[in-house]
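Throw the hints in and build the complete structure from the sequences for me.
Chains as they are written, first to last, in the working numbering: chain A, 643 to 1031; chain B, 357 to 919.
I should point out that these hints are in silico values taken from the structure, not numbers from a laboratory.
Watch out, some of these pointers could steer you wrong.
To be verified - Straight line, CA to CA, 27 Å or less: simulated BS3-like cross-link-like pairs of lysine-lysine:
1. B:Lys634 <-> B:Lys689
2. B:Lys384 <-> B:Lys898
3. B:Lys692 <-> B:Lys634
4. B:Lys879 <-> A:Lys844
5. B:Lys689 <-> B:Lys583
6. A:Lys844 <-> B:Lys375
7. B:Lys689 <-> B:Lys703
8. B:Lys828 <-> B:Lys470
9. A:Lys844 <-> B:Lys898
Computed from a predicted model, the values in this text were never measured in an experiment.
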Amino acid sequence: MREALEGSQAIARAVTLCKPDVVAAYPITPQTHIVENLSELVAEGDLHTEFVSVESEFSAASVVLGAAAAGARAYTASASQGVLLMAEVLFNIAGLRIPLVMTVANRAVSGPLSIWNDHADSMAVRDSGWIQLHCVSNQEAVDTTIQAFRIAQETDLPVMVCMDGFILTHVMEPIDLPEQSEVDAWLPPFVFDRALDPSDPKSLGMMVTPDYFPEIRHAHHAAMEKALPVIEATDRDWEASFGRACGGLLTVEGDAGARVGILAMGSTVGTLRAGMAEPGAAPARLITLRAFRPFPAKALRDAARGLDHLIVIDRAISPGAGGVVGLEVAAALAGHPDMPRLHNHALGLGGRDIPETIYADLIAAIEDTDAPGFSVFDADLSKLAPEDR
Amino acid sequence: MTTLTRGAWGYAGASLDFKTGNWRSTDKPVHLHAKAPCHAACPAGEDQQAWFALLQEGRAQDAWEALVAANPLPGVTGRVCPHPCESACNRATLDGALAIHNVERWLGDEAVAKGWAYPLEAPAGDAPVVAIVGAGPGGLSAAYHCLRLGLKAEIFEAAPQPGGLLRSAIPPTRLPRAALDAELERLLALPGLTLTLRARLGRDVSLDELSSRYAAVLLAPGCQEGKEWDVAGAVPTDHREGLALLREFMDHGSFPEAQRVIVHGGGNTAMDLCRLMKRAGSEHVTLVTASGLPGPNTAPGDLINVVPRELEEALEEGVEIIDHATVGRLIMKGSKVTGVEVVSLRKLPGGDGRTHRVAFEGTERILPADMVIPCIGERVDPEGLEGLLERGYLRPADSWGSLSRPNVYAIGDASGQSGTVAAAIGDGRRAAEALALRLAGEVPVSDARPVLEAPQLNPRYYGGGARPHVPKLPAAARDFDSEIEGDIGRTAALAEAQRCLSCGNCLACDNCWTFCPDNAVIKTQELASDGSHYLFDLDYCKGCGLCAQECPTGYIQMVPEEG
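Below, the structure written as structure tokens:
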């Protein structure tokens, strides 16, 4: 049934449908509404879970780590500085191969202080070993949240569902929430075969000497690679049950014969779709990257094959190197035949509005042969002193 | 080959593969049973920590047996000892030293009341026999320890009764005769021990004879003769020396009449005499002593050599004391004393690098007196010891009491050492141990363990607690027979045992086992207050020292690794 729901509210309802045993989260803009809605659902008796009020994001992550290790389906959510405060525990969760789900309401990272959207927070924990899935719309965010619980328990990996702060979290849209019985049928109960059990003692977080550490890291990397088909298969299975998909690892749309491609993640894709639909707009192949970790290098090469130009949109930069997604796309394409020339641009950093006209501007910029390989595309350099440009 | 789990989770025992002990670079923990300071200070060699540990468990008889392993007369020393153990007690740095003295007395009396027997076996019929001269505390202790070590002992005592100074010089107000007799009778009834009374060395038996007939000879004759005394050559005709007066009082129960008595000297004999004469009716009893009373003007080494509580009680009873002073002149009417000139002393550096007490001119004052009694110490009666005395004493060559003559040992006051009952008991034990080892062809070795000092304790783990109240007769109720100091009783004694810090020995508190971050402390059995059930597993010990830090008693110490 379709309901008009705010993105955060929809996420709280989706989490409720997954019947988590333990929820622990600490509020932070723009994730706050998710936690508020969850606590309201608990108070109303609609969500039966151990809702742990914690004093920080570090504790929130620690609680869900322990809960999942003890065999509970666990959920948390955060953003920005909260993600950074969690960082140590996030590495532990992934390294200890603990399956749980977290929503990141993507927001810029301080300083300077900004509460608005970009992807710097989830990119900062890019190497923690979590699966990271980006959502274009609130419907995708709802569906991906439910899928994430299944992916996590099938792969023994934690899953981060990334949705743009404010742009998605605070926007009301018609959302089709599945029925509880449908979710119950689609999502198996949480079973964790390493769950802590006093009658069969195990320890997690042990010191691992150099004799064993490289093997553990190899296994983690291999698990991420093996998660690629699981993510695809889960989305296909979702589509079979619910009639809509979330984009597997990545999707390709637009003009298949176009020589120019644009790659983006998250809500930017919606803006680009609108720009592409404008009368007279230049044709392009639009690639929506859903799985940033694990990174679908082969699927990306297949999607990019035949293009002359590929514009890669980033909402986070690695200062001194360029756009984070741009760098990864470049690495994935490098050394392969028939790969397009890359144009990497950051857009919408710190919540800068991205207008529909950006589509035409991006395609026009291809003609500028003197342009650098990377730019903060929407930056107005006249706001800077000449020596700072 | 280990097969790794996802996320390197460990199954039971998996962490044993990681031998963190190979991180240890400098120090490792060891159990070091250091001497408790009470034990180190005890002249009798008692291990108070050991018997308090048993008393903490409520095992009074076992505690007494541990006590009499060193000192067979706890009921005596529990009354007369100046208890240097308490002065050394580390608990003094927290909330007051343990009342070791009073608990010892309670244990001694409890043993008599319950009829506990010394834990020793009769010596073999053909065991060597040791001759002991003197049945004072030193001789009796020596005989007892000879029996403990499987030897027989034969004591020769000049007096008609055993006990030596305990009977002849210590008033019953300090040591009731019933308490003394009970412990002496128990000791003298031991199989393998013979006591011959009225056998005086030199008159009834000679040292040569003893040396030839016995495996070894222990000399414990005590100091029976007062030192010669005069003031600038003058001696009153009715002059009486302190120890002789005390002996007379013990025998007859009376003193010569005198209203104004000056006692010259300092020590327990002087103190006992002052107090008894005061009680006998002398109006003024004044002690003139070169030593100092406790206070800011007295250096520790200069302090009057009496049991502190005796000094306190003497002052309560009205004994007057003039310290840092001497008798400079006797004022005589004919050959009788009518007064003394007292002069203060001050310390001046002498040419030999030491300080000397000299009369402080201008401080002379006259005190009226009917009687002047010197108590300046006693010396060994030389009869029968010809050729062995050195400047008036037997002066052994080592701490075992060995004299130059083979197989002859000196014990107690006659050896010119500290001159307490406890010291005599300790001398007797050491001499018996040394001669037993030497008879077996072995060499005695001193206990070289270090003393556990207060800073090595971790006081956070101890509860608080005050010293028990010691009942005492009020000054007005004190007479010639009633014991002045009372019994603290079973409840207080057992409670006092709980205050023992167990310096240098394991309390079985589990701190090391609890705090070790590597589970490198292993507990092997449940009950053992000697710490033997904790082991260090050096395969996993990183040498962090937490166990040593958190050990309340200093029993765990970090020592450098060998090599």
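Each hint tested on the structure:
| no. | hint | verdict |
| --- | --- | --- |
| 1 | B:Lys634 <-> B:Lys689 | holds (25 Å) |
| 2 | B:Lys384 <-> B:Lys898 | holds (8 Å) |
| 3 | B:Lys692 <-> B:Lys634 | holds (21 Å) |
| 4 | B:Lys879 <-> A:Lys844 | holds (22 Å) |
| 5 | B:Lys689 <-> B:Lys583 | holds (25 Å) |
| 6 | A:Lys844 <-> B:Lys375 | holds (18 Å) |
| 7 | B:Lys689 <-> B:Lys703 | violated (33 Å) |
| 8 | B:Lys828 <-> B:Lys470 | holds (24 Å) |
| 9 | A:Lys844 <-> B:Lys898 | holds (23 Å) |
The structure is inconsistent with hint 7 alone, although it conforms to all the rest.
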